[in-house]
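*Asks:* Letter by letter, the chains look like this.
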Amino acid sequence: MNPFSQRKLIISGVFVLMVLTYIVKLFFLQVIDQSYKVSASNNVLRRVTQYPARGLMYDRNGELLVYNQAAYDLMVTPNQLHEFDTALFCSLLNITKQQVDQRLRKAKRYSYYKSSVFLEQISAEEYGAFQEYLFQFKGFYTQTRSLRRYPQNMAAHTFGYVGEVDEKTTKADKYYNQGDYIGISGIEKLYEEDLRGKKGVEIFMVDVHNRIKGQYKHGRYDTLAINGDDITLTIDAELQAYGEKLMTNKIGSIVAIEPSTGEVLAIVSAPTYNPDLLVGRERSANYKTLRNDPLNPLFCRPLQARYPPGSTFKTVNALIGLQEKNINPASTYYPCHYGYTSGRFHMGCHGHASPLDVRQAIQHSCNAYFAYAFRDMLDNPRYRGIDSAYNHWRNYVSSFGFGEKLGIDMPYEVKGYIPSFNYYERVYGKGHVKSLNIISLSIGQGEILLTPIQMANLASIIANRGYYYRPHVVKEINGEGDSKLEQYRTKIQTMVDSVTFAPVIDGMYMAVNSPAGGTAGVAAIKGIEVCGKTGTAENPHGKDHSIFMAFAPRENPKIAISVYVENAGFGASWAAPIASLMIEKYLTDTVTRQWMEQRILNADLLDGKKK
Amino acid sequence: MERRSSFLKNVDWLTVAIYFVLVFLGWINIYSASYNSESSLGFSFDARYVRQLVWIGTAIGLATLALILDSKFYSAFAEMFYIISIVLLMVTLVIGGEVNGAKSWIELGPVKIQPAEFAKISTALVLSKVMSRYDFQPESFKSLFTVTAVIILSPLFILLQNDTGSALVFFALYLAFFREGMPIIYVGLAVWFVLLFILSLLLETHTVIIIISLLGFVLFHIYYNRLKETLIGVGIVCVISGAALLVLIQIMGFDETPLWLPFTIGIGIPIPYFLIHAYKHKLNHTYRIILLTIASIALAFSVDYAFNNILAPHQRTRINHVLGIEFDPQGAGYNVNQSKIAIGSGGFSGKGFLQGTQTKFKFVPEQSTDFIFCTIGEEWGFVGTTIVLLLFLWLLLKIVAIAERQKSKFSRIYAYCVAAIFFFHVAINVGMTIGIAPVIGIPLPFFSYGGSSLWGFTFLLFILIKLDANRDELIM
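Chains as they are written, first to last, in the working numbering: chain A, 1 to 611; chain B, 1 to 476.
If you are wondering where the hints come from, they were derived from the structure by calculation, not from laboratory data.
Some hints could be false.
Claimed, not checked - Some residues of chain A that are not near chain B, with every Cβ distance over 10 Å (derived):
hint, residue
1, S123
2, Q152
3, N296
4, E425
5, L449
Claimed, not checked - Here are the computed lysine-lysine pairs in the DSS-like style, where the Cα-Cα straight-line distance is at most 27 Å:
hint, chain 1, residue 1, chain 2, residue 2
6, A, K199, A, K484
7, B, K72, A, K8
8, A, K484, A, K198
9, A, K189, A, K199
10, A, K8, B, K407
11, B, K72, B, K282
12, B, K142, A, K25
13, A, K8, B, K9
14, A, K288, A, K168
15, B, K112, A, K8
16, A, K8, B, K409
17, A, K8, B, K142
The model shown is predicted, which means the values in this text are computed figures rather than measured ones.
The beta-carbon is built from N, C-alpha and C at its ideal position, and this holds for glycine as well.
Sequences and hints are given; from them, build the entire structure.
*Replies:* Structural data, given as structure tokens:
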């Protein structure tokens with residue numbers, strides 16, 4: 001009837017076409033394309049990390065050494081800010097108006113909707129005061145963070161410190177995120193994986209302004225944070241504190257080891273620093289100050305300083321000579337007339353009886369005896385050449401753990417240095433190395449370098465008569481053994497048999513206790529059989545370093561110790577009394593020789609090196 | 001009594017049922033979009049889903065009113081409605097409240113009225129009346145003028161209110177004119193000008209000019225099949241354009257020469273010659289072809305000008321986004337991108353009722369009004385969106401069927417007006433949420449939250465149902 005009625009088909013066709021087009025488009029959008037689903041969950045899910053409490057540290061007697069204290073980061077969400085009383089705000093937090101403006105600008109630059117740290121680690125006191133007024137400061141809230149605390153100011157180098165993880169680590173290790181804490185040195189670094197625990201995560205749903213709208217799937221995918229393992233150290237807190245006290249105003253180190261286990265009882269690096277300095281808001285500023293201190297308190301001398309061992313090393317040469325039967329404890333006597341002379345070479349010595357046997361040689365620390373003995377070994381035809389003889393000697397020395405890292409469970413240990421024969425061939429020419437060239441090795445001078453911990457370990461080896469356990473500072477993890485502590489439970493044998501040790505121990509005993517006078521009479525303690533050996537490390541840069549190594553008691557030794565005092569002269573003058581006091585303190589828990597203690601405590605051996 | 005029962009029998013209950021299903025689904029999604037697990041609003045009037053219930057209740061009242069009123073009432077008072085709605089639009093300009101930059105609301109106590117919704121109905125009624133007059137000749141130029149005048153008056157005021165979306169809806173009413181016999185050439189011209197609009201935005205002006213000129217010659221050749229003359233004409237244009245190009249480069253330098261200029265000269269100069277040639281050989285269509293060519297070129301220029309100088313920057317970027325000229329998911333494209341994420345994340349069967357995260361947590365803007373389709377997409381998935389679209393298609397086809405069974409021309413035209421308005425709303429609203437159409441803020445009928453739009457759509461539809469119920473009578 002109507003000429004245009006067929007147009008209804010066109011119109012209907014347009015309607016159908018539109019709907020079909022949209023359905024096809026929706027099919028692609030909703031069914032085929034998966035990317036929108038990913039975008040959606042990125043939009044809406046926020047993972048909030050639950051930080052576990054870091055493991056605590058105890059000393060060998062269960063005394064708490066390191067714990068956590070809650071600190072509070074003040075967070076700000078710029079778009080929720082209202083006008084606030086800046087004066088009150090500044091006085092509560094002890095910051096200036098400029099700092100407030102600057103930090104707000106920084107937060108805004110980061111994001112208007114997302115919260116960021118406004119002020120790090122405000123103290124509990126500041127937090128308490130601020131909390132009362134928090135309602136006046138809309139847009140601010142506090143977030144708990146935990147800080148390391150130290151009941152006693154000690155063992156900073158052993159504990160190490162924690163700090164924010166760097167970018168390299170976050171890239172390499174997925175566990176860490178920007179802003180996480182990580183152990184940077186000491187035990188904090190080495191036992192990071194035990195101490196840190198396991199982070200948990202709570203998944204929240206957020207709206208477009210990043211406001212939390214509830215838990216995702218009622219927390220089904222949340223994980224709990226698992227607290228870090230507590231660590232029991234081998235350190236004896238009392239001894240450690242005493243050692244640090246004795247070493248005030250001195251440069252050097254004390255390492256005390258329990259010979260029967262290799263457990264480090266005390267490890268003192270002087271000068272040291274207060275571990276509290278490397279915690280919290282002021283950490284980087286304090287670190288900078290310590291870094292620039294000319295006395296280098298951050299340097300962990302027991303593990304990182306290398307010195308020639310001096311006369312203490314004579315014990316090693318004696319042991320090698322005895323084991324190789326180059327020295328007979330009963331029949332080998334060498335003369336000493338104020339030293340050792342060969343051609344135009346002369347090595348001085350001090351006045352004592354001559355000739356003498358190996359015991360007396362150690363007792364009096366006779367240079368000549370060891371010069372003779374050393375040359376006899378190197379030039380002995382049965383080794384078929386000095387190179388092979390030297391290598392033989394070097395193998396012995398290496399079996400004491402010298403020239404290699406001992407493998408203590410603290411970072412940054414260095415190797416020390418025992419030169420190879422090649423080294424001497426480079427210096428003197430191939431085929432031209434003569435025993436006289438390297439004669440200084442006989443008395444612990446020359447090229448060899450030991451770390452204080454290696455020296456303490458030497459005392460431990462002699463105390464044990466031939467073996468040692470790797471020195472270590474961690475006794476238990478979470479109250480029990482751990483597979484990674486197994487390496488410290490293995491006895492390591494040196495190349496010297498236990499029967500060989502008797503004359504050397506006799507010599508060390510006599511050095512301390514002989515009524516006829518030894519080099520270390522000052523170290524004698526009434527009622528305790530102390531065996532010791534002094535040393536003096538020649539120092540081309542200044543006064544010699546004073547060294548003493550000892551163990552006590554003679555039978556069933558409980559403590560082996562090495563003491564280094566830099567630029568303090570003879571071993572007997574400073575290192576020996578310090579070691580003696582340490583031994584007495586550890587074995588008897590008291591100090592009877594007040595005069596000696598006072599002399600040490602009052603001594604300032606920094607020699608004008610202070611700033 | 002007899003009459004009444006036959007009236008009730010004549011009501012198209014299926015359409016009424018589709019209406020109720022759509023309104024119900026709409027309310028469910030508004031409930032979900034405004035539902036907040038944390039701060040449950042319960043049955044407070046602050047909650048949008050509670051308010052929408054009130055709007056639905058009043059809308060049903062309005063529907064009943066539409067059915068009760070005499071069907072002659074709508075045609076008789078069409079002009080009066082029209083005048084009232086125009087006056088209301090003018091009043092809105094003066095006292096209206098602003099929402100999202102558009103000044104399109106009048107507050108009447110607790111309720112806000114959007115006169116544009118009313119204007120749609122009144123324009124549809126007047127248009128039906130005008131086109132159903134016995135002397136209405138669709139092919140005459142006068143008819144086109146009249147229809148355009150009726151259609152364009154309201155959107156002029158609505159544009160002044162800064163509510164571009166609602167203004168554009170009125171142009172869909174040409175669909176009814178099309179059904180009534182609008183010459184196909186108008187459709188062709190309209191399609192051509194739309195195409196030209198898009199081409200002008202996508203291509204450089206000189207390229208568009210070259211395309212237009214060539215199409216002009218092609219058209220000439222189709223009409224007269226005179227290949228030789230066509231080629232001569234092309235040759236002339238090419239020579240003049242080339243010469244002009246060379247001269248201009250000499251004068252202005254290579255970089256300074258606007259490329260559109262030589263081509264415009266190349267077309268412009270030979271036009272008098274073409275006209276004389278056409279006059280001599282009595283090729284009368286040539287005049288129109290030349291006119292169309294000139295008009296097209298003029299449009300190409302004016303599109304560039306209008307686009308850069310008349311449209312607001314946000315409107316420009318919205319159009320650019322749809323055309324793919326610009327892409328900036330964080331900036332202007334943010335809404336559409338988030339909307340696509342919401343719909344896309346729904347998958348095949350959706351996340352389930354109240355389980356949507358994108359729509360609820362305000363990633364999607366206007367989630368209970370203009371972007372309500374996102375909630376459908378996210379929570380009910382592809383299944384849900386398809387069902388909703390098919391329901392709308394069913395309604396549209398139903399309206400077409402209703403239209404075609406009317407004896408009265410008035411009723412038929414009105415039915416097409418209703419179909420046109422629904423079609424435009426659905427196409428643009430859904431299209432913008434899935435990134436096919438530019439973001440034009442118009443509601444999805446029966447789904448989007450809001451009293452005015454629900455009342456408007458309900459009244460619009462139920463007037464049709466009333467007219468249809470009385471289809472046996474001849475209205476007018």
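*Asks:* Work down the list of hints and note, for each, if the structure agrees.
*Replies:* Verification of the supplied hints:
Interface exclusion of S123(A) from chain B stands, the closest Cβ pair being 34 Å apart, more than 10 Å. Against the 10 Å criterion, Q152(A) stays outside the reach of chain B, whose nearest CB is about 48 Å from its own CB. The non-interface label for N296(A) is consistent with chain B: the shortest C-beta to C-beta separation is roughly 51 Å, beyond 10 Å. The Cβ of E425(A) lies farther than 10 Å from every Cβ of chain B, with a closest approach of about 70 Å, so its non-interface assignment holds.
Even its closest Cβ contact with chain B, about 62 Å, leaves L449(A) beyond 10 Å, as expected for a residue assigned away from the interface. Among the hinted pairs, K199(A) with K484(A) is consistent with the structure: their alpha-carbon atoms are about 22 Å apart, no more than 27 Å. A hinted pair counts as satisfied when its Cα atoms are at most 27 Å apart, and K72(B) with K8(A) qualifies at roughly 25 Å. Distance restraint check for K484(A) and K198(A): the Cα-Cα separation of roughly 19 Å lies within the 27 Å cut-off, and the hinted pair is therefore satisfied.
Proximity of K189(A) to K199(A) is assessed by CA-CA distance (about 17 Å); at most 27 Å being required, the pair is judged to hold. As the CA atoms of K8(A) and K407(B) are separated by approximately 15 Å, the hinted pair is consistent with the 27 Å bound. Of the pairs offered as hints, the one joining K72(B) and K282(B) is violated, with about 53 Å between alpha carbons and a cut-off of 27 Å exceeded. Restraint check for K142(B) and K25(A): the C-alpha separation of about 41 Å exceeds 27 Å, so the hint is violated.
Simply put, K8(A) and K9(B) have alpha-carbon atoms about 26 Å apart, close enough for the 27 Å limit, and the pair holds. With a C-alpha separation of about 21 Å, the suggested pair K288(A) and K168(A) falls inside the 27 Å cut-off, and the hint holds. Of the pairs offered as hints, the one joining K112(B) and K8(A) is violated, with about 37 Å between alpha carbons and a cut-off of 27 Å exceeded. Distance check on the hinted pair: K8(A) and K409(B) sit about 14 Å apart at the alpha-carbon level, within 27 Å; holds.
Restraint check for K8(A) and K142(B): the C-alpha separation of about 24 Å stays at or below 27 Å, so the hint holds.
The earlier numbered hints that this structure contradicts are 11, 12 and 15.
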